[in-house]
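K.L.:
Single-letter residue listing:
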Amino acid sequence: MARVVTTGPAVPDRRSWLTAEDVAALARRARRRETAGRTAVYTALALLSLPIIVPYLWLIAASFSRRVSYGLLPSGFTLDNWRFLWVANLGFVSGTTGRLPNIWQVVWNSLVLAAGTTVIVVVVATLAGYFVSRHDFRRRAAFLKGALMLQAFPGITLLVALFILLRTLNLLNSVAGVVLVIATLHLPFALFVMKGFFDGIPWDIEMSALIDGASRLRAWYTVLLPQVRNGIGAIAMFSFLWGWTDYIFVLTFILRRSSWTMALYLNAIIGEYRFVDYGLMAAVGVFYMIPSLLFFLFTQKHLMQLTLGGTKA
Amino acid sequence: MARIVLEGLTKQFGAVTAVDGLDLALADGEFVALLGPSGCGKTTALLMLAGIYKPTRGQIRFNDVVVNDLPPQDRHIGMVFQSYALYPHMSVFDNIAFPLRLQRRPSDEITRRVREAAALVQIDMLLDRRPGQLSGGQQQRVALARALVKRPMMLLLDEPLSNLDAKLRVLMRAEIKRLQRQLGITTILVTHDQVEAMTMADRIALLRDGRLQQLGTPDDLYYRPANTFVAGFIGTPPMSLLTARLARVDGRVVLEGDGLRIPVPADVAARLASRTGDVVVGLRPEDVQLLPAGGAGQMEGRILDVEPLGRELVVAVTVGQQIVTVLAPHGFAGRPDEPVAMAAPDRRLYLFDPDTGTAIV
Numbered sequence: 026m027a028r029v030v031t032t033g034p035a036v037p038d039r040r041s042w043l044t045a046e047d048v049a050a051l052a053r054r055a056r057r058r059e060t061a062g063r064t065a066v067y068t069a070l071a072l073l074s075l076p077i078i079v080p081y082l083w084l085i086a087a088s089f090s091r092r093v094s095y096g097l098l099p100s101g102f103t104l105d106n107w108r109f110l111w112v113a114n115l116g117f118v119s120g121t122t123g124r125l126p127n128i129w130q131v132v133w134n135s136l137v138l139a140a141g142t143t144v145i146v147v148v149v150a151t152l153a154g155y156f157v158s159r160h161d162f163r164r165r166a167a168f169l170k171g172a173l174m175l176q177a178f179p180g181i182t183l184l185v186a187l188f189i190l191l192r193t194l195n196l197l198n199s200v201a202g203v204v205l206v207i208a209t210l211h212l213p214f215a216l217f218v219m220k221g222f223f224d225g226i227p228w229d230i231e232m233s234a235l236i237d238g239a240s241r242l243r244a245w246y247t248v249l250l251p252q253v254r255n256g257i258g259a260i261a262m263f264s265f266l267w268g269w270t271d272y273i274f275v276l277t278f279i280l281r282r283s284s285w286t287m288a289l290y291l292n293a294i295i296g297e298y299r300f301v302d303y304g305l306m307a308a309v310g311v312f313y314m315i316p317s318l319l320f321f322l323f324t325q326k327h328l329m330q331l332t333l334g335g336t337k338a
Numbered sequence: 483m484a485r486i487v488l489e490g491l492t493k494q495f496g497a498v499t500a501v502d503g504l505d506l507a508l509a510d511g512e513f514v515a516l517l518g519p520s521g522c523g524k525t526t527a528l529l530m531l532a533g534i535y536k537p538t539r540g541q542i543r544f545n546d547v548v549v550n551d552l553p554p555q556d557r558h559i560g561m562v563f564q565s566y567a568l569y570p571h572m573s574v575f576d577n578i579a580f581p582l583r584l585q586r587r588p589s590d591e592i593t594r595r596v597r598e599a600a601a602l603v604q605i606d607m608l609l610d611r612r613p614g615q616l617s618g619g620q621q622q623r624v625a626l627a628r629a630l631v632k633r634p635m636m637l638l639l640d641e642p643l644s645n646l647d648a649k650l651r652v653l654m655r656a657e658i659k660r661l662q663r664q665l666g667i668t669t670i671l672v673t674h675d676q677v678e679a680m681t682m683a684d685r686i687a688l689l690r691d692g693r694l695q696q697l698g699t700p701d702d703l704y705y706r707p708a709n710t711f712v713a714g715f716i717g718t719p720p721m722s723l724l725t726a727r728l729a730r731v732d733g734r735v736v737l738e739g740d741g742l743r744i745p746v747p748a749d750v751a752a753r754l755a756s757r758t759g760d761v762v763v764g765l766r767p768e769d770v771q772l773l774p775a776g777g778a779g780q781m782e783g784r785i786l787d788v789e790p791l792g793r794e795l796v797v798a799v800t801v802g803q804q805i806v807t808v809l810a811p812h813g814f815a816g817r818p819d820e821p822v823a824m825a826a827p828d829r830r831l832y833l834f835d836p837d838t839g840t841a842i843v
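Same order as they appear, the protein sequences are chains A and B.
Under our numbering, the first residue of the first sequence carries the number 26, and numbering increases by one thereafter.
Under our numbering, the first residue of the second sequence carries the number 483, and numbering increases by one thereafter.
Bound conformation, chain B alone:
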């Protein structure tokens, strides 16, 4: 078990900077997700932790010891790959035993520990099979057992669930979380799936183009996004981001735009101080309420599209030149091209700087 610290971690491939000054500290036993779109540098960061890539700059410390120059075989890390990377010519038993054999453990100890690890992930009846004879979920369990059998200092998971079907993914999500809690092992999960990150991790590090956008708990990222990228990335359907103008009418602060006029709550207005001009307004789809056209709404528009999701509907509404996404309850009967009004939330109004994208309040 270990505390892991990344400090100013940078990796360049020629002129391309894959990871740019990443700072991250994991407490012993913590579960952190590296989240981001493909190409954001999260896998590169993971491979630097594993020792496959050497950092261009910065430090990796395990329990305060700098391990930058330690080769992968000496890092005591367990890793599960997206492809599982099982050895196809070896039986399940031999796959799991491989790390122990390399440590030259006595054979009775190997047998015992392989059986323990297999039991932990519930594949003890498959030990004689070859990886090719297993289903995707079973292969995944073998990969987990192989990563855990050597009792590593930390566990690295690289998109471990993306090759599984939807049902199995939910199951394995819970399973991996249970194992991580039970073993108390410091874990880093790399994923592009925000649901995976939100449900499994204690904290999430959201990356974009190699740079850390925000580090925090799932609630932090959802309710207190640091910038428009975080706001738009976290949440399905994503937050609507509209451009509006800050205006002061009768001493009150109001957001004005084509088809919208939203009063800003007094406590928020107080923190805006004397700021004027354009801002980016963020509205979560579940916070916006659909009203009959011509009502007392703060936004007016036309329905662009309605997507039924069963329990609720995703309604896209054109407001001026911009689009607002709204989650409507089951039973909403609006049709495309019909006019509609909307009420903006009082409490959860997100405001961002239009130039830098950072959160204002």
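Okay, chain A solo, but in the shape it has when bound:
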């Protein structure tokens, strides 16, 4: 196999190695290079991730600190910043422009918003994704293009129109109104995800279920739905986070304090003109992140499936 050159130089050349020692020397060099390369990659990645990781670490440290000097350096341990969880009435907090509503009311509103969005998106996208994947109807291509365009449309440009629409429907100031808006704007994406998952299931399996004696509906939920579980998990997670993290729509459509969500609560604490209570802000910020972190922790697997696209048998 190996092409052996009769007169090899003292330092082995990779094209003309001769002895076992030469081979060992070449192998050592390859190992050294691999180690050096790997070290360089890890160092570069670590440096690149610092700007992302440090602020989070700062936020968590600040939420348990007595003081934050110059708005930058946390010091001294305290749980006082977390008092918003158990003190019913925070009263005047430096930085806020009035009284804060009860945190648990706010959490409840946020959960309703996130869960409501999830339910609508999952139910509609799963049914519609199946239909679009399996049925050929008039203007199917036009419908899909339109849905794609809607997704490309920045929702913010619709703020005024949506405001008028919600006022007409008497849904201003209600979480339900915002649920409808967020779910609608994100449905195209979820629809395409679910269409992709249904596209991945061969027709044969569905035909087989029909021949085995199932009705179309029965085949859909006993044979097809279990195979798109990962897709449902992924869009459920996304839509929960869309609802949980939305800021611009709740800010615009919810004026009444009793309907506030976490985003508005945090916004109020950051305030506009005065001193900021950095400790309190950090604690609320960390609290706000918890559901997102939990969600990511438990649904990573589904998310990974998304990038792979579809299910496998």
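Think of the hints as simulated: they come from the structure by calculation, not from any bench.
Some hints could be false.
[What the hints assert, rightly or not] Stretch-level coverage of chain A by chain B, calculated; a stretch enters the list once three of its residues show a Cβ under 8 Å from a Cβ in chain B: (1) 222-230; (2) 235-242; (3) 248-256.
The beta-carbon is built from N, C-alpha and C at its ideal position, and this holds for glycine as well.
For this one, chain A is given, so just place chain B on it according to the hints.
P.N.:
Here is chain B on its own, set in the frame of chain A:
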């Protein structure tokens, strides 16, 4: 069990006619293969039988009852797909039990019948596995068990062997045939593989472009092809089809062409009557005999290519502008470009009309 009749069965998709006036009658317990190249409409015909597609025209009758409008779930059909179409999220047991659960059978009956069906195809030790953990052959057996467990009126097999490797295919061919005989179940096999059709089926329906070309036993199709398409499709290597001229020399009928001069046997000549002009001559590779060049052959040509197959060799010979394929016994030493002569068979000479392609005698 059922007698199945297809009458004038037609399916159009827009302007495309996938199946065109198919007539076919299956006796109770008969095994018929729908054979043809891909796109010939055989799978469309099968899906109409299963109730997935509705016929555009024509009738499907099970035991003399028209079932055109019966949805698939009410047809009592068992079907095995090329992809097996097992439900990946269910165990083997649940896959086989699925049709029975849909019939709301009591659970002890389901367990008993699933075990029976599994034993029939020898997968009783795999019932707890998922389809993804099985080999192709095992998946195929699960698909068979699932199709048979509900004791269907008929069994439809859509290219059931094409995803298996060559050895397993031969095994499953015998296995499916055994099951079909044992259960006496009316069966339709869709395949593009003539060997599968010839070895397994009682009768073969050969389709092309949605139209039935010939319906008959494997011997009928091989020895009495109805037209040039059937003649060229059945048999490996395929029959050579040459154009020649009918001539009468000294009261005898002779086929003449560039490099060939074949006397037509008297009984065949008698049935040709006064026909003259061009005809298509069909020669089976195993019927032609290679002779040394310059001998008493009826065809002269040059060897184009020699393909060794082990037991025998496939020799392609150029005769004039046409090519004759010959099966030569092991030991044939001819090389490409060498001249060679050939003897045409007396008995098995196939003659077709050059315009319509239909068999003349």
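K.L.:
For every hint, state whether the structure bears it out.
P.N.:
Verification of the hints:
1. 222-230: Holds, because 3 residues of the region 222-230 of chain A bring their Cβ atoms closer than 8 Å to Cβ atoms of chain B.
2. 235-242: Contact hint for the region 235-242 of chain A vs chain B: holds, 6 residues under 8 Å.
3. 248-256: holds (count 3)
Checked against the numbered hints above, the structure violates none of them.
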